[in-house]
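From these two lone chains plus the hints, build me the complex, please.
The primary structure of each chain is shown beneath.
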Amino acid sequence: MNLQRRCHWFGLFALACGAVALAAWLRPGWISESLAGVFLGMAVSGGVIWLLMQLMPRWWRDMVEDDFSSPAGRAYRREMLPGMALYVIAVFGSSWLIKRGIDSIALRACIAALPGLGLTWVTVAMVRYVRRVDEFVRRIELESIGIAALIVGQAYLVGGLLQLARVIAVPAEAAMIWVFPLLCLCYGVVKFFVRRHYR
Amino acid sequence: MNNRLRELREREGWSQGQLAEQLEVSRQTVNALETGKYDPSLPLAFRIARLFGLSIEDIFDDE
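Residue numbers (the working numbering), protein chains in the order written: chain F, 16 to 214; chain P, 339 to 401.
Keep in mind that the hints were calculated from the coordinates and are not lab data.
Where hints are given, some of them may not hold.
[Said to hold, decoys possible] No more than 20 angstroms apart at the CA atoms, straight line, and that leaves these computed lysine to any residue pairs for SDA-like:
1. P/Lys375 with F/Asp77
2. P/Lys375 with F/Asp82
3. P/Lys375 with P/Phe398
[Stated by the list, open to error] If you want the ones that stay clear, here's a sample from chain F, every Cβ over 12 angstroms from chain P, calculated:
4. Arg20
5. Ala34
6. Leu41
7. Ala51
8. Gly56
9. Met57
10. Asp77
11. Pro86
12. Gly98
13. Leu101
14. Ile117
15. Gly131
16. Val152
17. Gly175
18. Leu177
Glycine is no exception: its CB is placed at the ideal position from the N, C-alpha and C atoms.
If we strip away everything but chain P, and leave its shape as in the complex, we get (with noise of 0.2 angstroms):
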């Protein structure tokens, strides 16, 4: 599943470590989901789709 996770925290100006701390997940959790090694759960999905202010669709993509 291709996401936009790290160009939004690279908008947002914020190292993975930082992301990782507000999401409370850890570091190489945020870099396997950038890498798209990792499918996030529903739950840390909508995590990560409201610390942005965006919907799911807006961050994750599954085609």
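Pulled out of the complex, with its shape left as it was, chain F reads as follows (with noise of 0.2 angstroms):
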């Protein structure tokens, strides 16, 4: 099946899970509010990679369509997707827990800090997909990570500049949970602006 089919067979579970979150929202009570969230964000995520891969001009696409199937990008999903699929398991189950009160400190602490055992394997399948591409398209990706990160890592100095200034005041937490999705976000942006360059 190719990006695009796929792409739509993604769309349309993204409407599915839009119709379960309207559903909740207009028959309170019918699942619980922090489901019907999960699946308001579903709907919302989905829509949006499924729009945008309609907008992306076709050379885009092509080379989009030259990753998913390449060798890389298919042994790339294979070992990554374990990976996400662990790091959702241990987000929802780790809250979960920690809502139902953990006095010790060092358990809260294990069972916390969960997640970071499926990012982690979600950051060893992406170090084996940059090794195994070729070199052309490895500098791709090194270049956009690494612009990608002295950007957000520029955003977070000014950030902290401003809040150190009461300018802003953003929570502790919020700012540090963000720092991975921003560098995710910023790469998948700045990749864009590298490939069009190298055209």
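Next comes the structure, spelled out in structure tokens:
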């Protein structure tokens, strides 16, 4: 199944998640609020990905298709998906356990850090992907992640200075949790421009 | 760096995908090489030269 076809299936899945979230909003109590939030999140993120896939230029879509169908891309997905699944299960599992109340700080720390195991798995898959791809694709990947790391690092430095000057007041936990997702998002945007540069 | 990769590929009647497969690289790598946006490493330049039965200097030109 090619990427475009998978993308349409993904869009349908997002639509179904949106329907569940809408049903939960229309009939409160049908499912728990947090589960409805999960469905809403999947619907919104899935919808955004589907929309981006439809709007992306032809050259970019061809390159994504190349990556997607390459042996390195297939191996990456095979290795990354269990890690992502572990991460999602650990996030829900650990937050559920912590909400029930755990007195021991050491045990609470271990449970709170559990999702990190999934992320470590994903990171290993990413490193293996970068080592598997050919030299040109590796250059694109490393340039993209390097530039993204610089942008996010600088943004956090400026953010920290603004916080010190009491211009903004971002809770520390939110700021820390958003480092990795921001890096991934920034990497995706930067990769578009890096690839366009080498087109 | 200029190169004759596109000319040599077309002479053989290969698509970018077919050349990429023989060189064990991605199609976008062949495209970047042909447009001169990317200069290959020495091992890749040797693989290209061997594939076409030429020397590296016959394919790549740094002037």
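Practice item. May I ask which of the numbered hints given earlier this structure violates, with the numbers listed in increasing order? Key: 10, 11 and 16
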